[in-house]
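**Q** Listed below are the residues making up each chain.
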Amino acid sequence: MEGKDMRERSRSIRVKNRIKYYSTNILLIVSVFIVYIPIFWMISTSFKTSAELFKWPPTFIPLKPVLESYRELFVPENRYFQYFRNSLIVSISATILTLIAATFAGYGLSRFEFKAKPSFLIYFLITQMFPFSLVLLTLYLFFSKLHLLNTYFGLIFAFTGLSLAFSIWMLKNYFDTIPGELEEAAAIDGCGKFGTLVRIVLPIIGPGVIATAIFVFITSWNEYLFAYTLATSEKIRTLPPGLSISYMSFVKISWNGLMAASVVASLPSIIIFIVLQKWFIQGLSAGAVKG
Amino acid sequence: MYSLRKRNITFALLIISPAFIIASVILYFPILNSMLMAFKKVYFGTGKFKWIALKNFAVVLESKEFFRSFWWTLFYGISSTLLLLIIGMYFAILLNRKMPGRNVIRGLLIMPWAIPVFVNAFLWLWLLNVQYGLINYILISLKILKEPLHWTGGRFIAKISVLMAYIWRVFPFNMIVYLAAFQTIDPMYYEAAEIDGANKVKQFIHVTIPQVKNIVTFTALLNFIWAFQEFTTIWIMTKGGPAGATNTLMTQVYTLSFLQRNFGEAAATGVLWIVFLIAFAIFYLRVLFFRREAFL
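Sequence order for the protein chains is Y and Z.
Sequence positions in the first sequence follow our numbering and run 118 to 408.
Sequence positions in the second sequence follow our numbering and run 15 to 310.
None of these hints come from the bench; they were simulated from the model.
Fair warning: there could be bad hints in the mix.
Some chain Y residues well away from chain Z (every beta-carbon gap over 10 Å; in silico) [to be verified]:
no., residue
1, 130
2, 189
3, 196
4, 253
5, 327
6, 376
No farther apart than 25 Å at their CA atoms in a straight line, the calculated lysine to any residue pairs in the SDA-like style are these [unchecked claim]:
no., chain 1, residue 1, chain 2, residue 2
7, Z, 253, Y, 137
8, Z, 227, Z, 256
9, Z, 78, Z, 225
10, Y, 137, Z, 255
From the three backbone atoms N, C-alpha and C, an ideal C-beta is built for every residue, glycine too.
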């Protein structure tokens with residue numbers, strides 16, 4: 118009698134758990150679906166004809182998908198790929214420059230004990246609170262005096278400043294999670310401090326560096342305010358101001374054209390996330406969540 | 015021994031110096047120079063100026079725009095931080111379970127963050143379009159709305175619109191950080207709690223929360239500070255309008271300095287902002303962390 122009761126009870130608990138498990142999964146899938154509505158809409162719009170764009174009720178999947186909007190990006194009068202190239206040049210250079218500076222600084226702030234260390238960390242971190250539009254005011258005047266407006270160099274330098282603090286903080290925390298024994302062994306083997314950093318430490322902090330690189334690249338790829346103000350010439354202009362100027366200034370925005378431009382503008386960061394996601398999550402987790 | 019220590023310090027300072035120089039030239043020199051302008055009247059174009067002490071502050075503090083943008087920025091910062099906390103936690107909790115395809119779903123959920131900020135702003139402008147936007151269509155067919163809503167037209171609704179667009183893109187950051195924090199917790203604690211008869215909710219309150227408290231409070235501070243820096247979403251979607259309703263301190267300083275060429279008032283606004291933010295951060299960290307080691 119007792120045993121049967123127990124069996125009944127454990128069965129009902131199992132059923133309950135199973136219901137909970139499946140209902141949670143359904144909740145998750147529905148949530149993912151809702152999160153993806155904007156992305157579907159962007160892609161769907163980019164394949165629509167202008168006529169279908171203004172159909173009511175709107176079609177979620179284009180009735181007659183066309184590549185027209187994508188083809189227009191290649192038209193010579195459209196400077197799209199010039200902006201795209203500028204964005205790539207500036208973002209990749211800023212990523213490399215930031216990584217070099219932030220890896221060194223992060224290592225210095227993680228491995229060595231000295232009195233001024235907390236002050237240095239605060240010196241970097243506090244820059245995150247600076248009103249960037251106010252920084253830009255002097256930077257603009259300063260760059261115009263030095264003839265750095267409308268140059269790749271000026272943009273690269275400015276973008277480096279913008280993502281430097283967070284990169285140093287991430288890398289410093291990442292270095293903190295790695296035990297120093299390897300370096301001590303290298304030091305005993307007669308490896309100089311700089312040699313240790315380059316030959317021993319850099320190879321094992323891969324995930325941290327990749328996570329930081331993705332962060333800097335995306336921040337730079339996204340940068341609108343500084344790019345808009347510091348580069349007014351078409352030759353240097355990057356994608357964010359380029360797109361907003363060429364598409365938003367019309368009274369009637371061609372939404373399918375803008376969405377096609379947007380899909381292509383999203384490709385670099387989406388590809389990076391798909392390819393490097395494992396390292397990114399690993400690096401960000403270790404860097405942001407101090408273990 | 016002493017000289018070795020000294021050599022170590024020299025090496026540390028040497029490798030920190032490139033970053034130090036970049037931060038000084040790109041951020042410190044400009045911000046200090048701009049802050050000085052708060053005490054000057056700058057004559058645009060000639061570069062001439064005259065010291066006027068606190069007059070700019072008086073003008074700014076008497077203006078409606080300053081307080082309107084200050085309260086709205088504060089509202090934007092607080093509400094986005096809270097919503098990011100809730101939504102980030104929601105997904106992190108749902109993903110922090112054993113299930114097939116977990117990594118794939120996590121990967122899918124990171125994608126909004128891979129959408130560039132400017133693209134996100136265009137996209138939401140189109141989603142929220144009055145006549146042909148998808149959101150109006152969905153809400154009308156679900157009978158939530160009777161007629162199309164002008165999402166960026168009203169003073170209040172425009173605020174909701176820019177908040178929505180911002181949060182949709184940023185929540186994956188919170189999700190990843192929380193998920194990572196959850197995974198640093200030793201499963202032993204949960205086993206012990208289970209033996210003590212604690213259910214899932216109790217386990218979350220008594221085991222999870224204390225273990226992730228530090229990282230959650232620090233992430234909230236980052237969210238808050240980043241909300242103050244947000245420019246792109248608002249500028250593309252509303253340009254600070256309608257009638258200044260979505261004008262944050264960030265767009266206000268930009269408008270004053272680059273559109274109205276009123277450097278003094280722009281600088282005074284910025285100085286008030288930075289003083290507020292730093293005071294807030296110190297207070298927040300003092301109250302919530304007690305020790306400095308927790309975040310440095």
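**Q** Give a verdict on every hint.
**A** Now the hints, each set against the structure:
Annotated as non-interface, residue 130 (chain Y) keeps its C-beta farther than 10 Å from every C-beta of chain Z; the closest such distance is 12 Å. Interface exclusion of residue 189 (chain Y) from chain Z stands, the closest Cβ pair being 16 Å apart, more than 10 Å. Residue-level check passed: residue 196 (chain Y) sits 16 Å from the nearest beta carbon of chain Z, beyond 10 Å. The Cβ of residue 253 (chain Y) does not lie farther than 10 Å from every Cβ of chain Z; its closest approach is about 8 Å, which violates its non-interface assignment.
Under the 10 Å C-beta cut-off, the non-interface status given to residue 327 (chain Y) relative to chain Z holds; the minimum distance is some 14 Å. With a cut of 10 Å on Cβ distances, residue 376 (chain Y) falls inside the contact zone with chain Z, its closest approach being about 7 Å. For the given pair, residue 253 (chain Z) sits about 46 Å from residue 137 (chain Y) by alpha-carbon distance, which is inconsistent with the 25 Å threshold. Between residue 227 (chain Z) and residue 256 (chain Z) the alpha-carbon distance is near 39 Å, which puts this suggested pair outside the 25 Å criterion.
The straight-line distance between the Cα atoms of residue 78 (chain Z) and residue 225 (chain Z) is roughly 44 Å, outside the 25 Å bound, and the hint therefore fails. A distance of roughly 46 Å separates the Cα atoms of residue 137 (chain Y) and residue 255 (chain Z); the hinted pair therefore is violated under the 25 Å criterion.
Of the hints listed earlier, those the structure fails to meet are numbers 4, 6, 7, 8, 9, 10, in rising order.
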